[in-house]
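Student: Take a look at the letters that make up each chain.
4 protein chains.
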Amino acid sequence: MGKVLKYGMVGGGIGAFIGEAHRKAINLDGKASIAAGCFSRSYENTLATGESLGIEKDRLYENYEEMAIKEANREDGIEFVVIVTTNYAHYDACKAFLNAGIPVVCEKPLTVTLKQALELEKLANEKNLQFMVTYVYSGHVTAMNIKEIIAAGEIGEIRTVMGEYPQGWLAFEDVQGNKQGEWRTDPAQSGKTNALGDIGTHIENTVFRMTGLKIKRLLARMDKVVPGRTLDDNSTVMLEYENGSTGVYWASQIAIGHDNGLRIRIYGSKGSISWFQEQPEIFHMAKQDGSLMEIHRGHSTIRQIAAKYTRLPSGHTEGWFEAMGNFYSNYIECLLAQRNDTFTGKMIEYPTLVDGVDGVRFIEACLKSSENGSIWVDF
Amino acid sequence: MGKVLKYGMVGGGIGAFIGEAHRKAINLDGKASIAAGCFSRSYENTLATGESLGIEKDRLYENYEEMAIKEANREDGIEFVVIVTTNYAHYDACKAFLNAGIPVVCEKPLTVTLKQALELEKLANEKNLQFMVTYVYSGHVTAMNIKEIIAAGEIGEIRTVMGEYPQGWLAFEDVQGNKQGEWRTDPAQSGKTNALGDIGTHIENTVFRMTGLKIKRLLARMDKVVPGRTLDDNSTVMLEYENGSTGVYWASQIAIGHDNGLRIRIYGSKGSISWFQEQPEIFHMAKQDGSLMEIHRGHSTIRQIAAKYTRLPSGHTEGWFEAMGNFYSNYIECLLAQRNDTFTGKMIEYPTLVDGVDGVRFIEACLKSSENGSIWVDF
Amino acid sequence: MGKVLKYGMVGGGIGAFIGEAHRKAINLDGKASIAAGCFSRSYENTLATGESLGIEKDRLYENYEEMAIKEANREDGIEFVVIVTTNYAHYDACKAFLNAGIPVVCEKPLTVTLKQALELEKLANEKNLQFMVTYVYSGHVTAMNIKEIIAAGEIGEIRTVMGEYPQGWLAFEDVQGNKQGEWRTDPAQSGKTNALGDIGTHIENTVFRMTGLKIKRLLARMDKVVPGRTLDDNSTVMLEYENGSTGVYWASQIAIGHDNGLRIRIYGSKGSISWFQEQPEIFHMAKQDGSLMEIHRGHSTIRQIAAKYTRLPSGHTEGWFEAMGNFYSNYIECLLAQRNDTFTGKMIEYPTLVDGVDGVRFIEACLKSSENGSIWVDF
Amino acid sequence: MGKVLKYGMVGGGIGAFIGEAHRKAINLDGKASIAAGCFSRSYENTLATGESLGIEKDRLYENYEEMAIKEANREDGIEFVVIVTTNYAHYDACKAFLNAGIPVVCEKPLTVTLKQALELEKLANEKNLQFMVTYVYSGHVTAMNIKEIIAAGEIGEIRTVMGEYPQGWLAFEDVQGNKQGEWRTDPAQSGKTNALGDIGTHIENTVFRMTGLKIKRLLARMDKVVPGRTLDDNSTVMLEYENGSTGVYWASQIAIGHDNGLRIRIYGSKGSISWFQEQPEIFHMAKQDGSLMEIHRGHSTIRQIAAKYTRLPSGHTEGWFEAMGNFYSNYIECLLAQRNDTFTGKMIEYPTLVDGVDGVRFIEACLKSSENGSIWVDF
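Residue numbers (the working numbering), protein chains in the order written: chain A, 3 to 381; chain B, 3 to 381; chain C, 3 to 381; chain D, 3 to 381.
Worth flagging that the hints you see were computed from the coordinates, not collected in a lab. Among these hints, one or two may not hold up.
Identical copies go unnamed one by one, so any copy, or any two together, can satisfy a pair.
[What the hints assert, rightly or not] Result set (DSSO-like, lysine-lysine): computed pairs, CA atoms no more than 27 Å apart in a straight line:
#1 K72 x K124
#2 K117 x K194
#3 K289 x K310
#4 K181 x K310
#5 K8 x K129
#6 K59 x K8
#7 K310 x K59
#8 K72 x K97
#9 K289 x K226
#10 K289 x K272
#11 K181 x K272
#12 K97 x K117
Start from the sequences, fold in the hints, and give me the full structure.
Tutor: Put into structure tokens, the structure is as follows:
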């Protein structure tokens, strides 16, 4: 067995954006190559996608249950699987591969109910299988650097957090012809939430990964702004964390003028940090002495873990693929270590089921608050 | 009587920041000159301030009651008065001059109770006296331009508003030696609120002036973050407006890294606008066609009223004094028109008692919500 | 004699931009008030302007020669004069007032020939009269702060300077109806240069004031870009300074998209500084340790002289009028000191005839280079 | 033969930055995989590098001459080669593979003399072999978009261009331990130029690709600023293009505070464009009507060719690897088309020997000017 791992994919057929994006991110470092797939509910699409990727036909499957069993039984079977189906299918697909003993990478949100999420967590733990939930944004080197700076106490105790994720792409009534727009605004495909579940959870997770703050209680207002919409497209959450600090999260798809504006601002007793995912190569830090600094990926000020994931000198831009690639790189490193019995939990820098479960818990708590007139709800 | 009006001032003695700032703003255009004053509770300070300003001694008063009566009785008496005392003294001082028939300019917040504010409104209306409340920030040409753009329907119906006013100057426990820090954090001098009353009301007013939105209900969390603090230093408000749209306001004095970060973002059905008071010469507008524009004061895109207040070509920076000066310019223009019987309400572009009363109502509603566990409160 | 000085003005009649701007800048601090004027070659305009400013009729003059003599002979005569005529008239007007023993403030460029400039310098020195040339931009608090930082050696020895001043307002052939556009592009009114003389000299002066660098030699290309233009509208200068460092200046009026983009970047052996006049409240400094800082007017990092000119707390924007006002404030302070025999040259923080003469020398050297095929010319 | 091409690499052994960067960029899209290499003058390094990449040992070569011949003779031989050696070795290596009939990708600068560059151009044309010179920065989608916008005449005729590429990494005397710093400042390894050859040529090429402007003549000053340096570290070039427009290029390695600041500003008769490679997802365009726009990769305003290379929705950041990957994607597409006889020159969107030759010509002209006292030199 070489150093290049074999992986399979469920979902991500021709026409699907996120599966292709995962494949490119994995390709980047050349540490894993695709060997099997069940890319679509349409077997035809699976065959076409597989052929374009150079996968042998006997490893292109009609359904993921078959794929899980057959790959588990091959000597040269896949060494992890990537689940990039619609949200509703995550749970069953993850379970099938965990039961077959195959490590899983799954897109967020992990599942559509907290119960399912907790089940997967239990199952993965029992099977001792590594499980990554791909909240991509904290994979940026700058985000990792912020995590280390905060953990080192450089900005003191956190007092308040402002998180926002404005987008404008669903500001208009007509989403015809926009495939993603159609399914995201359709309860039959998206469940009980749109904006909050899709992008609000990225705020929740990015804040958690940067700060480690645990939510104590929250109050959510999930508005359906565009006429005719049946799922939230503009949601605000007020939060209290267990350490007594507070936060406000705003996730919107009707904010004309924003592409993908995830922005996290963290205010502590000694300083503050501001990070904006559309400029992921830099962040800003202010200190109690009045200094305002712009810090770049690759500068000497960068910390240990963050430095490890830097591929290019500062000023040579890295982006989304590299952020995702960083997590895959760590995940693969951990899988290899586990195989060599050198693995310890401290090696994990990727988002795990802890992140996945909390993301689903966050959605459920927000729905409970919003459906009851935006009241305070314990987490 | 010439075109240069005579005015008096209550408060604003040597050592007080805001009185001097008003005087400079009035000086700028040379349309009024100071002729009388009661600058301090210390008559000594009043005398010294008056002398430095070249005011004749018989027009330097020990108390404002005397000043109101005597100036009203002089043939060359002051033609308006500027009240820049501490908040607690506003009500009595305003009343004294209104009763004497002298038009009033008063700093915000207008009063410390809604009852007082409503009384002043009634009195000024009865006396038919013009009354300006100096919410300075919407005096910027760009803010006026935004008001006109929104009124013209260019960004469609407003859907949501994000207003924030982060400052960092009260992030630390020790405010000794910072005169303003001392009184602002002292309930005996500031009343029941600090951050919300001082800067939160600027968000409320700036949004109101730009959009005309009326608040329907709100929910406020007024946190005392810095150890030992007895008044709020970090406050968040969720709002619903009468037209069904929503808003979030955040006012903080513990946000290290911010000087005076009043920022208003307004999202409509056809476009959005973003304005930041620390860069008051520009604003950003996005439209439904995907265009993102930076608009500068002085450009051909500027609208009618805004254009009227432009003193310098674009790129020649105007700032705080000019914003304040714009309101004084309009106030004086309206006073002169009233005297010439050419005055109509349409001429008013300055903030009036409507703004002043709503500011106090906003504070009271937020206090009621916050003191009751951050519940929803009708406005 | 009170503390409020009386001043007169030559030029600046109704319709002229810069005279009104000077008057507002002087008004701001209330340290001088206008008492006499010869505002236009049209006496009618002078009378109208004077009346609107409340000047007594016997102090409104048909020509400046008469004004100089009569004001010098009045007991309550003006204590300084402000010359804001067209460039061609500067020399004669300045001379008239210097000869009458009246201190002079003159707009830049000082004169249209170096010979004239040197004469004025000689005359003012002989008469021991203070003379300010209003290169406004280095009057910003941030610009003063930069001067002090560089003088303190914080960025080490200067190695190279990039100065630029792009504007877009003359990018088009048709300047009809744009009064300033008409005379600036007309050699009969503007002399031998347009862009370089009008704005290129601002680069030259701002760099000089910030760094103290003396020009050793230069090479200039003064292009006439817009069809039909007979004066330069896009000029580039390469420079060598006496300390062996280098620079590049670019002044353009055809750079669509720029309003008034004076930007100075200074690179030293230990750090660098970047300043942009359209955001005059901040500047950026980088240090050899890799740190990138944003420094705000009013922060604790601000230095001594700069602090002295701060009128408002940081984040409360100051602009063009305040920059100009700062120089007037210092000029008046120096005049008063001279009268009280407490004056020393160290008190001068305003631009003097040294600045004025060098500005004219710069224009002549650039013309000499450009007219000879853009060759190197000694300064 | 499948769709995944086999490629070889010369240079890029363990420890070399740029070779690894090319491999990751090629990996991204999975259209080519590495099959052979001569990664270093040290065969040991080649073996180690090859093993880490999973290349069979018989395709790891001691020298590139052997590699060229053997690979050309294999039925499964490489289908193109990537040359990422030091600059001095480019010429011989390129020639070896061209002579063997293998298409070549070569890093810039193409060669160290113009004579060599012209020879390679002649040879590639004779052999009808596609040759890409990897000037990476115009591979960004935004750069391609700008090219199309300019070609469509949207900003009118170009009048002046400001190009700059400041870096700060060589601002200090001590470059010990910085491998790249050591060889770049060493004439024995870098030839006659450092800053101009390394980064100045990126300005030259990016401007050429965006605008198509041909240089007519130029004047260069190539300064050696840091004490002890024998090659230029701060270079300025004034240019005239064949259409009569002008330009200024500035390339510096001593500009503390800059990482990799390639910035191109292009001013036309109807508008202007500004592009900054450290924020490669956006650019700014100003139009004659006064509008200032920020344009994002992925927006509806994006043009045809640019759209083709977009991998992620706007706001999901792409960077350096994707820019390089775009050119490889087009190069491979062209190679496949050539094999299928569907190739036409119009398909080429990658930089060719035209770019490579002009880059070397630019260096030679600058050296000639600078060595003769910064005089004007015909191109």
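Student: Within, between, both or neither: how does the pair K289, K272 come out at a Cα-Cα threshold of 27 Å?
Tutor: both (6 Å within a copy, 22 Å between copies)
Student: When no copy is named, should K72 and K97 be tagged within, between, both, or neither for a Cα gap of at most 27 Å?
Tutor: Classified as within: same-chain Cα gap 15 Å, cross-chain 50 Å, threshold 27 Å.
Student: For the identical chains here, do K117 and K194 meet the 27 Å Cα criterion within one copy, between copies, both, or neither?
Tutor: within (15 Å within a copy, 45 Å between copies)
Student: Are the CA atoms of K97 and K117 at most 27 Å apart within a copy, between copies, both, or neither?
Tutor: within (13 Å within a copy, 64 Å between copies)
Student: One pair to classify: K310 and K59, alpha carbons no more than 27 Å apart. Within, between, both, or neither?
Tutor: The answer is neither: 38 Å in one copy and 30 Å across copies each exceed 27 Å.
Student: Reference check for the pair K289 and K310, CA-CA at most 27 Å: within, between, both, or neither?
Tutor: both (26 Å within a copy, 25 Å between copies)
Student: My question is about K181 and K310: at a cut-off of 27 Å on alpha-carbon distance, are they close within one copy, between copies, both, or neither?
Tutor: This pair counts as between: shortest inter-copy Cα distance 19 Å, intra-copy 38 Å.
Student: With identical chains, the pair K8 and K129 could be close in the same copy or across copies; at 27 Å between alpha carbons, which is it: within, between, both, or neither?
Tutor: The answer is within: 20 Å in one copy meets 27 Å, while 40 Å across copies does not.
Student: Treating 27 Å as the Cα threshold, decide for K59 and K8: within, between, both or neither.
Tutor: both (16 Å within a copy, 22 Å between copies)
Student: At most 27 Å between alpha carbons: which applies to K289 and K226, within, between, both or neither?
Tutor: Classified as between: cross-chain Cα gap 21 Å, same-chain 39 Å, threshold 27 Å.
Student: First find the shortest C-alpha distance between K181 and K272 inside one copy, then the shortest across copies, and answer within, between, both or neither for a cut-off of 27 Å.
Tutor: Between copies only: 22 Å across, 46 Å inside.
Student: Taking 27 Å as the upper bound on the Cα-Cα distance, should K72 and K124 be classified as within, between, both, or neither?
Tutor: Within. Shortest intra-copy distance 24 Å satisfies the 27 Å Cα cut-off; inter-copy 56 Å does not.
When held up to the earlier numbered hints, the structure conflicts with hint 7 and nothing else.
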